[in-house]
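2 protein chains.
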Amino acid sequence: MPNISQRGVNMPASPIRKLVPLANKAKAQGIKVYHLNIGQPDLPTPEVAMDAMRHVDRKVLEYSPSEGIRSFREKLVLYYEKFNIHVNIDDIIITTGGSEAVFFSFMACLDPGDEIIVPEPAYANYMAFAISCGAVIKTIPSTIDEGFALPSVEKFEELITSRTKAILICNPNNPTGYLYTQKEMDQIRDIVKKYDLFLFSDEVYREFCYTGAPYISAFHLKGIENNVVLVDSVSKRYSECGIRIGALITKNQMVKENVMKWCQARLSPPLIGQIIAEASLDTPEDYMLEVYNEYVERRKFLIDGLNRIPGCYSPIPMGAFYTVAKLPVDDADKFCAWCLSEFSFEGQTVMMAPASGFYTTPGLGKNEVRIAYVLKKEDLAKALIVLQKALEAYPGKTI
Amino acid sequence: MPNISQRGVNMPASPIRKLVPLANKAKAQGIKVYHLNIGQPDLPTPEVAMDAMRHVDRKVLEYSPSEGIRSFREKLVLYYEKFNIHVNIDDIIITTGGSEAVFFSFMACLDPGDEIIVPEPAYANYMAFAISCGAVIKTIPSTIDEGFALPSVEKFEELITSRTKAILICNPNNPTGYLYTQKEMDQIRDIVKKYDLFLFSDEVYREFCYTGAPYISAFHLKGIENNVVLVDSVSKRYSECGIRIGALITKNQMVKENVMKWCQARLSPPLIGQIIAEASLDTPEDYMLEVYNEYVERRKFLIDGLNRIPGCYSPIPMGAFYTVAKLPVDDADKFCAWCLSEFSFEGQTVMMAPASGFYTTPGLGKNEVRIAYVLKKEDLAKALIVLQKALEAYPGKTI
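Sequence lines, in order, name chains P and S. Residue numbers for the first sequence follow numbering that gives the first Met the number 0, beginning at 0 and rising by one. Residue numbers for the second sequence follow numbering that gives the first Met the number 0, beginning at 0 and rising by one.
FYI, nobody ran anything at the bench for these hints, they're computed from the structure. Keep in mind that a hint or two might mislead.
[To be verified] The list that follows gives simulated cross-link-like pairs (lysine-lysine, PhoX-like), each with its CA atoms no further than 25 Å apart: (1) S:193 to S:250; (2) P:24 to S:381; (3) P:58 to S:31; (4) P:154 to P:221; (5) P:381 to S:58; (6) S:26 to S:381; (7) S:299 to S:193; (8) P:381 to P:26; (9) S:375 to S:325; (10) P:74 to S:24; (11) P:58 to S:388; (12) P:333 to P:26; (13) P:26 to S:74; (14) P:31 to S:58; (15) P:193 to P:154; (16) P:137 to P:325; (17) P:31 to P:333; (18) S:375 to S:31; (19) S:31 to S:250; (20) S:24 to P:250; (21) P:192 to P:250; (22) S:381 to P:58; (23) S:250 to P:24; (24) P:58 to S:365; (25) P:376 to S:58; (26) S:375 to P:58; (27) S:58 to P:26; (28) P:376 to P:154; (29) P:74 to S:375; (30) S:221 to P:375; (31) S:365 to S:396.
[Said to hold, decoys possible] Quick look at which bits of chain S chain P covers, simulated, 3 or more residues with Cβ under 8 Å: (32) 108-121; (33) 192-203; (34) 241-250; (35) 259-267; (36) 328-335; (37) 360-374.
[To be verified] Example chain P residues on the side facing chain S (calculated, C-beta under 7 Å, incomplete): (38) 7; (39) 9; (40) 13.
Virtual Cβ for every residue (Gly too), placed ideally from N, Cα, C.
Pulled out of the complex, with its shape left as it was, chain P reads as follows (with noise of 0.2 Å):
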């Protein structure tokens, strides 16, 4: 029997579903777990999105162009437009999912033994993107103490090497929702045109800003247009992760033309998923609206929660959906597996993906973990109890 590659022994599993056979014999037993580990919202996708899904007029659901149905970039030109990010048509492909987005960008600006330098902690799928790649990624630690704010513009140029290729920020940022401000966005810009990197900008929760504190997208940032790759999608905003529509966005003229032939090798992103998209354009703002002021209460509904609990510990996210918090335990890793697999108080169980997957350090993130408020309030409240009666019981805590 052949052996599989060492890339694949290299291939981290994903913290955010590793856990998910526990999860799953937990729930043949009955228990009842609380998805805090993804990023999956229960919010209802919009009814227009739904309604163009239902009624696709057409005989064939045929190919669409390897970089996405025309009309569908038009109408993001004009999405983008609403954020004063100024872009043409054809400076947009289609992706399925943003994380075809990150993946071309690494395929096309990347060779391997490249360096990207990411702060971390960090959406872990980036590790992987880079592994498949041949790319390295090099981190440098934001800390929970100090909020996550970006690390200092010296802790980057300690990084920079001959192979250093690229910069990789999320912005609001996936795990912790810290929002990167105007001036740590202008030291991202210096960097990047000082050592004339790739700025690769994942930029997929900027409607989920909760601070009044404004969003930065790396295109709003002068003098590097040709240095930014940004990566969008759809999946967040409106609730619709399944249909795996994103986008990756630059200006350089190479860049575009060298991913559109990895789009021409996959032939053509989700169809049916691109009509839903360009569908969901047209939600109404009272959506919106209300989804936003949905994440604001269970924001701070999430984490004045988890900072009553004895022990933990959980800065306030500014954007995004997610936190990464301290517990009193000495293994998260240990913890999130004891509590599917050991646990659970009056049927029902938490699941959370543990922080060290998010850390490329090792020991960084060893007592954290991130948690989603994609649940509806009712439904965190039972995770909380549930949480805080885990850290009571759990054989390694720690106070």
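Following the hints, complete the assembly by docking chain S onto the known chain P.
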């Protein structure tokens, strides 16, 4: 401005899609373009599939499991049984089109520098996926004069090195329409076994075998059950290329676990596509028969027509819905571009895929094109007339 990757420079443009800009220009000038270049059937998607989409009874279009929806995989087990392919639900991983199944197979099984032996001409995107993961495709030419039969075992063995990790076949074959015989499949099995290789077997055209000769799946071969990775797709058999649903099927536990890491990294395959594909498995037999008969007729019509054009030759494809035909031209790349940019007959022209893109051996396929017979007979008839007129007018004609 930072440079794109060398990998990107090395990526070939799709021979199927690279002429799209020229085709778009021709269309903008009001010219009717017959698409013989792409395997996009014009047949309607089954009603049962469209109905499933129109009646999706969900509030939230959420992520599906990374390995695909369970009920869909259960039904696929029964589908494969009909072809004497005995697999369990856990052997089936749903992918975003057959493309992703090829890509994940390569990623999970091959490291940079590992070699795959592929009979050529071969589906061009194998090359793109190989470049993506740093693997090296070594091709063995099959020739139009021998009807694209499998090259001899000796030819395979000549190419085997310490880095050879896999053989890749497509059966029935895209682009040639060749269907491997039992004897040929046994030869492949013997090599796979002798050198302990992976056998990647792309069998997406299994429903399209026209000669009465049996379709032999890689899973029918005894003694290499753990070596086989089967690539499948619902795109062609239900004329639903746009939904992007395929499958990777293997009994090799290590490969499965490894592929799942990539599945988790990209989160999930398209939800609506899976719902449509699952429903498609209930397509009535009479639809399948009608489609089959349609292709039988189109095949005969196209091949007869091609072989009547002076200087043209096409063997009779035994399966799939393509043929590789020899044309009396100096360079099929130039000819195909010329048809779109400088030629029209009564306001019409043809788009074909130059076969050079399906070979890696330089110079091979120079006067060959791949033609898909996915258009209805009356369109094929017009396309054949246009092709004949183009060949008469083309400055680089060789007769």
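- [ ] Compare the distance between the alpha carbons of residue 250 of chain S and residue 24 of chain P with 25 Å, and conclude whether the hinted pair is satisfied.
- [x] The hint holds at about 23 Å.
query: Within 25 Å, alpha carbon to alpha carbon, are residue 221 of chain S and residue 375 of chain P?
result: Distance of about 53 Å is beyond 25 Å: violated.
(Q) With the threshold set at 25 Å, check whether the alpha-carbon distance from residue 299 of chain S to residue 193 of chain S stays at or below it. (A) Roughly 40 Å separates the two Cα atoms, so the pair is violated.
Are the Cα positions of residue 381 of chain S and residue 58 of chain P separated by 25 Å at most? Holds, at roughly 23 Å.
- residue 24 of chain P and residue 381 of chain S: Cα distance at most 25 Å? With a Cα-Cα distance of about 60 Å, the restraint between residue 24 of chain P and residue 381 of chain S is violated, given a limit of 25 Å.
request  = Could you grab the alpha-carbon distance between residue 31 of chain P and residue 58 of chain S and see if it respects the 25 Å cut-off?
outcome  = Status holds; Cα separation ~20 Å.
### Message
Check whether the Cα positions of residue 375 of chain S and residue 58 of chain P lie no farther apart than 25 Å.
### Response
15 Å, holds
*asked:* Can you confirm whether the C-alpha distance between residue 31 of chain S and residue 250 of chain S stays at or below 25 Å?
replied: The hint is violated at about 47 Å.
| message | Between the segment 241-250 of chain S and chain P, are there enough contacts, at least three residues with CB-CB distance under 8 Å, for the coverage claim to hold? | response | Since 3 is at least three, the answer is holds.
**Request:** Compare the distance between the alpha carbons of residue 58 of chain P and residue 365 of chain S with 25 Å, and conclude whether the hinted pair is satisfied.
**Result:** Cα-Cα ~37 Å, so violated.
Has the given pair, residue 26 of chain S with residue 381 of chain S, been kept, meaning a C-alpha gap of at most 25 Å? 17 Å, holds
Just to be careful, I want the Cα atoms of residue 193 of chain P and residue 154 of chain P compared with a cutoff of 25 Å; is the pair within it? 15 Å, holds
Hint check: violations occur at hints 2, 7, 11, 19, 24, 28, 29, 30, 36, 37, 39; the rest are consistent with the structure.
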